[in-house]
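J.: Letter by letter, the chains look like this.
There are 2 protein chains.
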Amino acid sequence: MRKAESRAGMDEEGLIARFFRPLAGAPGALSLLDDAALARHPAGHEFVVTTDAIVAGVHFFASDQPDAIARKALRVNLSDLAAKGAAPAGFLLTLGLPKPREAWLKRFAGALRLDAKAFACPLLGGDTIKTTGPLFVSITAFGTVPIGAMVQRHGAKPGDRIMVTGTIGDAALGLLLKQGRGRDRLGLTAKAAKSLVQRYLIPTPRNPLSVVLRRHARAAIDVSDGLVGDVCKLCHASGVGAELAVARVPLSAAAKTLLDAKPNLLATVLTGGDDFEIACAIPPDQLRRFRAAAQRANVPVAEIGHVVAKRGVRVTDQEGKVIRFTKTSFSHF
Amino acid sequence: MRKAESRAGMDEEGLIARFFRPLAGAPGALSLLDDAALARHPAGHEFVVTTDAIVAGVHFFASDQPDAIARKALRVNLSDLAAKGAAPAGFLLTLGLPKPREAWLKRFAGALRLDAKAFACPLLGGDTIKTTGPLFVSITAFGTVPIGAMVQRHGAKPGDRIMVTGTIGDAALGLLLKQGRGRDRLGLTAKAAKSLVQRYLIPTPRNPLSVVLRRHARAAIDVSDGLVGDVCKLCHASGVGAELAVARVPLSAAAKTLLDAKPNLLATVLTGGDDFEIACAIPPDQLRRFRAAAQRANVPVAEIGHVVAKRGVRVTDQEGKVIRFTKTSFSHF
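Chains as they are written, first to last, in the working numbering: chain A, 1 to 333; chain B, 334 to 666.
Read the hints as simulated data drawn from the structure, not as lab findings.
Predicted model only: the values in this text are computed from it and were never measured.
There could be a bad hint or two in this list.
[Said to hold, decoys possible] The calculated lysine-lysine pairs, modelled on DSSO-like cross-linking and capped at a C-alpha distance of 27 Å, are:
{"no.": "1", "chain 1": "B", "residue 1": "K660", "chain 2": "A", "residue 2": "K99"}
{"no.": "2", "chain 1": "B", "residue 1": "K490", "chain 2": "B", "residue 2": "K432"}
{"no.": "3", "chain 1": "B", "residue 1": "K432", "chain 2": "A", "residue 2": "K99"}
{"no.": "4", "chain 1": "A", "residue 1": "K327", "chain 2": "A", "residue 2": "K262"}
{"no.": "5", "chain 1": "B", "residue 1": "K595", "chain 2": "B", "residue 2": "K490"}
{"no.": "6", "chain 1": "A", "residue 1": "K106", "chain 2": "A", "residue 2": "K178"}
{"no.": "7", "chain 1": "A", "residue 1": "K106", "chain 2": "A", "residue 2": "K194"}
{"no.": "8", "chain 1": "B", "residue 1": "K527", "chain 2": "B", "residue 2": "K439"}
{"no.": "9", "chain 1": "A", "residue 1": "K262", "chain 2": "A", "residue 2": "K194"}
{"no.": "10", "chain 1": "A", "residue 1": "K262", "chain 2": "A", "residue 2": "K178"}
{"no.": "11", "chain 1": "A", "residue 1": "K327", "chain 2": "A", "residue 2": "K310"}
{"no.": "12", "chain 1": "B", "residue 1": "K511", "chain 2": "A", "residue 2": "K99"}
{"no.": "13", "chain 1": "A", "residue 1": "K99", "chain 2": "A", "residue 2": "K178"}
{"no.": "14", "chain 1": "B", "residue 1": "K432", "chain 2": "A", "residue 2": "K327"}
{"no.": "15", "chain 1": "B", "residue 1": "K511", "chain 2": "A", "residue 2": "K178"}
[Claimed, not checked] Listed next, the stretches of chain A that the computed footprint assigns to chain B, with coverage defined by at least 3 CB atoms under 8 Å from CB atoms of chain B:
{"no.": "16", "stretch": "66-74"}
{"no.": "17", "stretch": "206-217"}
{"no.": "18", "stretch": "279-285"}
{"no.": "19", "stretch": "291-298"}
{"no.": "20", "stretch": "301-314"}
[What the hints assert, rightly or not] Computed Cβ-Cβ distance ranges for the label pairs, DEER-style:
{"no.": "21", "chain 1": "B", "residue 1": "L519", "chain 2": "A", "residue 2": "R18", "range": "49 to 59 Å"}
{"no.": "22", "chain 1": "B", "residue 1": "R373", "chain 2": "A", "residue 2": "D317", "range": "38 to 48 Å"}
{"no.": "23", "chain 1": "A", "residue 1": "G14", "chain 2": "B", "residue 2": "R373", "range": "53 to 63 Å"}
Beta carbons are placed, not taken as given, at the ideal position from N, Cα and C, and that holds for glycine.
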């Protein structure tokens, strides 16, 4: 197959040197001049490793700005590190390109560089390859934790409070607005609509909370596939259940406006996904300290329910009635 | 976008449990029940990390057997670890699937399991996602080396011998035969033709040589993009040049037969790539020990030239005439 390709165009080495070497400041990256990178964790620590890929037409729009694509690709991985209590250490990038366009690559790499710096997560290495299909970005990110300190998905116990960061549903509503291409803002102001779309395009991973989670959380998960489904996963892994109160789920002003106008968007909010917030189980005796530490880390947190012994996640509305969902989270297939 | 997807089909968790959990025996994989894995290198060691992706229609044929696709995806990464002198420690798998088919996944995962075991490189984690385009497999592999002992691409010095493992050109010739779909075996027996195609489909990474390289090589690279081009890269990184003698390049019997019949296939042999052999620079005083250690490791090695101070790689034919190539290696774009 390889031979059938065009001989024209940018060569891989040149592309890496021009666009990606500036991101590879860590000594272990070896200036991207070798086929592999070096990564070493401090003594008494270990690596938390996660990998997430995004594909045009599935996880983002091919027409999205290259800046947004780059940031989303890195941030969905940073979000996993945050939920696991790990400090970012570096990442590997695999870029599947239909055809390399300079202007696009420049903006993609430029944005990635800014995020790599902002989150202290340098590029260590990668692979740039041709694809005949849609663009894809696959990232493997490394973080460090003291040995045995990773916050796991399991471990929640009855009585623990279920806490969630930020606001829920913005990204899923933003996607809805984006799919409508602005023809229908569903009653929102242009600014409010834009804020939701922005939440879909560029998530805000909660890395400042990672140390707080290590200290106070019994279990955690990042909310990527939908709040209800991800709390289900945490509970399932822990062999417990949970009761969640819709009235306590933190919502942005824009999301509230939309929900007031169209109450049937509730399922989108609670099961739509792409939030990249963190849901965690905090033992009651840690609650005060957790809240205080989260505040110091500048991450808003809200209590949305509690863990119960009985399996299954029950979501109740304002009147205490159980809400049923046709599906609890985004299905990957 | 995510919302536009079908609700039918296999869910990701079920798919992972059924097909991939059996590969995830390492404790750090956490039975694939979390969003991240744990990886720890021994004290005094560090990780060598590499990532390589393959895409249907570019690096393999969509119709290739799932066993072969799985093995190639892992082995191209193992080959990088081998060239860098690293012992495999584990890998992360990202699988971009047009649609998940059970029979396909079963064979893919089954073959991957065998290779993971054979190369002592367990699955640590991964991501399975939907793509609207061709199937792709992106793997990030980890290996361990004593701190500072990674065999780098640079470091070759004038006088070093250029050595290469195995035989060169088989995979590129195999690809040619495969593209001809058996209509023209170019004079080879069916068995010989099949042996070349097999070399294209399933490379043999030279991991048994990794310790030998650490002890005796000044620089090394795995031959993935073509022998001449990859030796160029090694020399360029080292700030030196090389002289290679075509007559000394090790060829399989099948490749020899083809070259005798069609001498113009020489460029395919020397620049076609997909060999996944190792080229390395061995100081003259290490040569005997290198050869003996390679023999003990059961990896055939051959001297194909030597490093010179003058930059550039000169390839000479039997009569000592310099051969020029229109391109020295596979271009990724």
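J.: Does each hint fit the structure? Answer for all of them.
T.: Going through the hints against the structure:
Between K660(B) and K99(A), the direct Cα distance comes to roughly 20 Å. Compliance with the 27 Å bound is thereby established for this hinted pair. Proximity of K490(B) to K432(B) is assessed by CA-CA distance (about 50 Å); at most 27 Å being required, the pair is judged violated. For the hint linking K432(B) to K99(A), the alpha-carbon distance of about 24 Å falls within 27 Å, and the restraint holds. For the hint linking K327(A) to K262(A), the alpha-carbon distance of about 19 Å falls within 27 Å, and the restraint holds.
Between K595(B) and K490(B), the direct Cα distance comes to roughly 36 Å. Violation of the 27 Å bound is thereby established for this hinted pair. For the suggested pair K106(A) and K178(A), the alpha carbons sit about 25 Å apart, so the restraint of at most 27 Å is met. Restraint check for K106(A) and K194(A): the C-alpha separation of about 25 Å stays at or below 27 Å, so the hint holds. Distance check on the hinted pair: K527(B) and K439(B) sit about 25 Å apart at the alpha-carbon level, within 27 Å; holds.
Our distance criterion of 27 Å between C-alpha atoms is met by K262(A) and K194(A), whose separation comes to about 18 Å. A distance of roughly 17 Å separates the Cα atoms of K262(A) and K178(A); the hinted pair therefore holds under the 27 Å criterion. Proposed proximity of K327(A) and K310(A) is supported: the alpha carbons are some 20 Å apart, at most 27 Å. A hinted pair counts as satisfied when its Cα atoms are at most 27 Å apart, and K511(B) with K99(A) qualifies at roughly 26 Å.
Restraint check for K99(A) and K178(A): the C-alpha separation of about 26 Å stays at or below 27 Å, so the hint holds. Between K432(B) and K327(A) the CA atoms are separated by roughly 20 Å; this keeps the pair inside 27 Å, and the hint holds. For a cut-off of 27 Å, the pair hint linking K511(B) to K178(A) is broken: about 45 Å separates their Cα positions. For a cut-off of 8 Å, the count of residues in the stretch 66-74 of chain A with a CB near a CB of chain B stands at 0, and the three-residue condition is violated.
Counting residues of the stretch 206-217 of chain A whose beta carbon lies closer than 8 Å to any beta carbon of chain B gives 0, which falls short of the minimum of three for the stated coverage. Beta-carbon proximity to chain B at under 8 Å applies to 0 residues in the stretch 279-285 of chain A; the threshold of 3 is not reached and the given coverage is violated. Counting residues of the stretch 291-298 of chain A whose beta carbon lies closer than 8 Å to any beta carbon of chain B gives 0, which falls below the threshold of three, so the coverage claim is violated. A stretch counts as covered by a chain when three or more of its residues have a beta carbon under 8 Å from one of that chain; for the stretch 301-314 of chain A and chain B the count is 0, and the coverage is violated.
Distance hint check for L519(B) and R18(A): the Cβ-Cβ separation is about 40 Å, which falls outside the suggested range of 49 to 59 Å. Hint check: R373(B) to D317(A), Cβ distance near 46 Å, so the stated range 38 to 48 Å holds. The hinted range of 53 to 63 Å is not satisfied by G14(A) and R373(B), whose Cβ atoms lie roughly 37 Å apart.
Hint compliance for this structure: hints 2, 5, 15, 16, 17, 18, 19, 20, 21 and 23 are broken, all remaining hints hold.
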